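Residues per chain, in single letters:
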Amino acid sequence: MRNTMAVARKELIHIFRDRRTLALVILMPLMQVMIYGFAINTDVKHLRTYVYDQDRTYLSRRLLAAFEQSEYFTIVKRSDDAATLYQALDKGKAQVAIVIPPRFTADVLKHKPTAQVQMLIDGTDSTPANVAMNSSQAIVSSFMQQEGLVPVTVSPIDFRPRLWYNPDLKSTYFMLPGLIAMTLFFIVPMITASAIVREKEEGNIEQLLVTPIKPHELILGKILPYIGVGIVIAVSIVVAMYLIFSVPIRGNLVTLFFMTLLYLVVCLGIGLWASTVADNQRQASQIIMFFAMPSVLLSGFIFPRETMPWGVYHLGYLLPMTYFLKIVRGIILKGNGFFDLLDQVIPLVVMAAAVILFSIKRFGKRMD
Amino acid sequence: MPDIAIKADGLTRRFGKFTAVDHISFEIPYGCIFGYLGANGAGKSTTIKMLCGILAPSEGTGMVAGYDINRDTEKIKESIGYVSQKFSLYGDLNVTENLSFYGQIYGLGREQLDKRMEEVLELTGLGKFRTRLASQLSGGMKQKLAIANGILHQPKILFLDEPTSGIDPLSRRAIWALLFKLAGEGTALFITTHYMEEAERCHTIAFISAGRVLKIGKPVEFKQIAPTLEEAFAVLDSQGAANA
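Protein chains in written order, with this note's numbering: chain A, 1 to 368; chain B, 369 to 612.
Calculated from the structure, these hints are not laboratory results.
Bear in mind the structure is a predicted one, so any value in this text is a computation, not a measurement.
It is possible that part of the hints are untrue.
[What the hints assert, rightly or not] If the Cβ cut is set under 7 Å, some of the chain A residues that face chain B in the computed set are:
| id | residue |
| --- | --- |
| 1 | Ala6 |
| 2 | Ala8 |
| 3 | Lys10 |
| 4 | Ile13 |
| 5 | Thr105 |
| 6 | Lys200 |
| 7 | Glu206 |
| 8 | Gln207 |
| 9 | Leu209 |
| 10 | Val210 |
| 11 | Thr211 |
| 12 | Ile213 |
| 13 | His216 |
| 14 | Gly228 |
A virtual CB, placed ideally from N, CA and C, is assigned to each residue, including glycine.
Pulled out of the complex, with its shape left as it was, chain A reads as follows (with noise of 0.2 Å):
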């Protein structure tokens, strides 16, 4: 213990020495917040929107409020030719354009032929794409009924779909606490093995090597400060999201502590197995790489695992990240509590048991 310690205060040493490298721990999940929170924003909202409106009446004008009032359409031009919609469709200056012909009202009122309106979507994005497909069905059907265009009917069905946890779809509700999960595991395993790997670099190995330490007591004193560390990066990004992004933490903080620290063990253990596989510091980070990248891919961080294919779906099961989302937005959104996160709890356990067991038996201490 008093060696683990010693070891410990002087790994703090090296950590408070290494500004650049502090710079990074304490820089970069704050920019990823800021990044995550303000620009990659999934919410489609203001869509540009071209209209031709050739009916120029009441009801024209009162259909086209009816589109901007959703807020998810924002008209930027109101042309008076078609060519020029086009072209701003072709060039990505508008996103969606709306032909109003000129018949409209005069259609609508007598019911013969039925009025047409038509909306021209660019589908290059799918995401917007599909918002304004949706939107607008439901923007033109609640049009019709408050203006009494279609007789009142009584539904057999009360059917009535509402979103729990996140009801306005916030997408930073949704990516913030999953950054977490993220950011430690980019930053956690690579300076651990950054640092272990860097004693055998710089040859310090062959003077501990002869001192009465024994292994598990200079693993344990290298790794513990990365624990710190890592509480550290997590805590700033609970409190940016909370109070930059007004996420509800709605789960216990206690609960997403002692969560954190086991996901923090099984991101220690990597980076002990990277350390214990690589030479130098430079392939040590590539190896993490190697990790990283697919678990932010396939872990349900941005691209939802359900539209996975049935083996790519699975291999995200191998991955902690996978459990950990769960976890975080379980905690943050659901207000989820320790037993309702048992399925992913126990996987995660089980990866920190063996990644560190694997990982010390690896890290010998006879060079032979």
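Since chain A is already given, all that's left is putting chain B on it; use the hints.
Below, chain B alone, put in the same frame as chain A:
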């Protein structure tokens, strides 16, 4: 405490088919400076590693500080100091931080550590550089720090693997003065070197080639073979090659 600090008895180490150290035997009493000489790859480092308890011998036995190198390696590590050829302390830690870290590893209590740190800083003349980062010390000072670190826990046996290679003559003199002082106090010093004038200062020299001890004796005994140590080694080496 027995008089013999280090004893090797038929010590052998093979790496696959290659025999790095081949049935080496010697005894080193306390207070002796033992020069272990040989070309690069002759098996010097492998011998040191076995005696320090970090490499298991393939064959043979040895005693260091009264402990068996096959069994009590942890006890041996507590009883010896080690100064490596390549600087292996922490460059981004300063002089006292380095010493304090290793002092703790060797189990020195706070008061004892402070006292010993002052003593070794005084002894090595590093007192003025306490807060300097190890990476910013000169080559000679680095090596003095390594020695200060090696003797911090007052081991009775000190291994030095080419402690003066690449170091300026003045620093080398200072380092040797320090080594003589330690030997005078009863410490056994096991030292490897390439410098012949340093070899001559040792009490006993062992000359090894291709993992075998060709001759052990006082420097004067080597000089009976040829006028200088260098020539004596050349003669021994060619005889050894002829016998093998």
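To see whether the hints hold, each was checked on the structure:
1. Ala6: holds (4 Å)
2. Ala8: violated (11 Å)
3. Lys10: holds (5 Å)
4. Ile13: It holds, given that the least Cβ distance between A:Ile13 and chain B is near 6 Å, below 7 Å.
5. Thr105: violated (79 Å)
6. Lys200: Interface hint status for A:Lys200: violated (11 Å vs cutoff 7 Å).
7. Glu206: holds (5 Å)
8. Gln207: holds (4 Å)
9. Leu209: Holds. Min distance 5 Å.
10. Val210: holds (4 Å)
11. Thr211: Holds - the Cβ of A:Thr211 comes within 7 Å of chain B, reaching about 5 Å at its closest.
12. Ile213: Result: holds, 5 Å to nearest chain B Cβ.
13. His216: violated (13 Å)
14. Gly228: For A:Gly228, the interface hint is violated, since the closest Cβ of chain B sits about 18 Å away, which is over 7 Å.
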